[in-house]
Amino acid sequence: QPLFILRSNSKDSCLSKMARANLLVSEALADFFLDALKPESGTAWMQAKLDDDVSIVLKEHGSENSDSEAVFVSVQSVLEELDPSFIIFCLDPTLPTKKW
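Everything in the sequence shown is counted per my numbering, starting at 1301 for the first residue and increasing by one.
A hint or two may mislead.
[Said to hold, decoys possible] Derived pair list, reagent style DSSO-like, types lysine-lysine, alpha-carbon separation capped at 27 Å:
1. 1398 with 1349
2. 1359 with 1349
3. 1338 with 1398
4. 1399 with 1349
5. 1338 with 1399
6. 1359 with 1399
7. 1338 with 1359
8. 1359 with 1398
9. 1338 with 1349
For the record, the hints were derived by calculation from the structure and aren't laboratory data.
Generate coordinates for the entire structure from the input sequences, incorporating the hints supplied.
What follows is the structure in structure tokens.
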């Protein structure tokens, strides 16, 4: 039984896949992700962490860069040893329909 349900019109949408994972996602993270899906958002990646072992919250995010190596470097800069996190990465943030 899911702890948090994200509603979507499409069964195969990113939101419904997140909902099937049975994770408690913070409202701020869900809202930010919905905005990041928009072509004009420019968001290339997000970092989410467990907050008090109860919910997943947005910690950091980064904008698109024409150089994918620079994007990976920016993601690596927020990672901390022995501090687990989820990295949500857009395969190509310049496309009108983003794939995460």
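Checked hints:
1. 1398 with 1349: holds, 22 Å
2. 1359 with 1349: holds, 6 Å
3. 1338 with 1398: Within the cut-off at roughly 8 Å; holds.
4. 1399 with 1349: holds, 21 Å
5. 1338 with 1399: holds, 11 Å
6. 1359 with 1399: holds, 21 Å
7. 1338 with 1359: holds, 20 Å
8. 1359 with 1398: It holds: about 21 Å lies between the C-alpha atoms, which stays within 27 Å.
9. 1338 with 1349: Cα-Cα ~23 Å, so holds.
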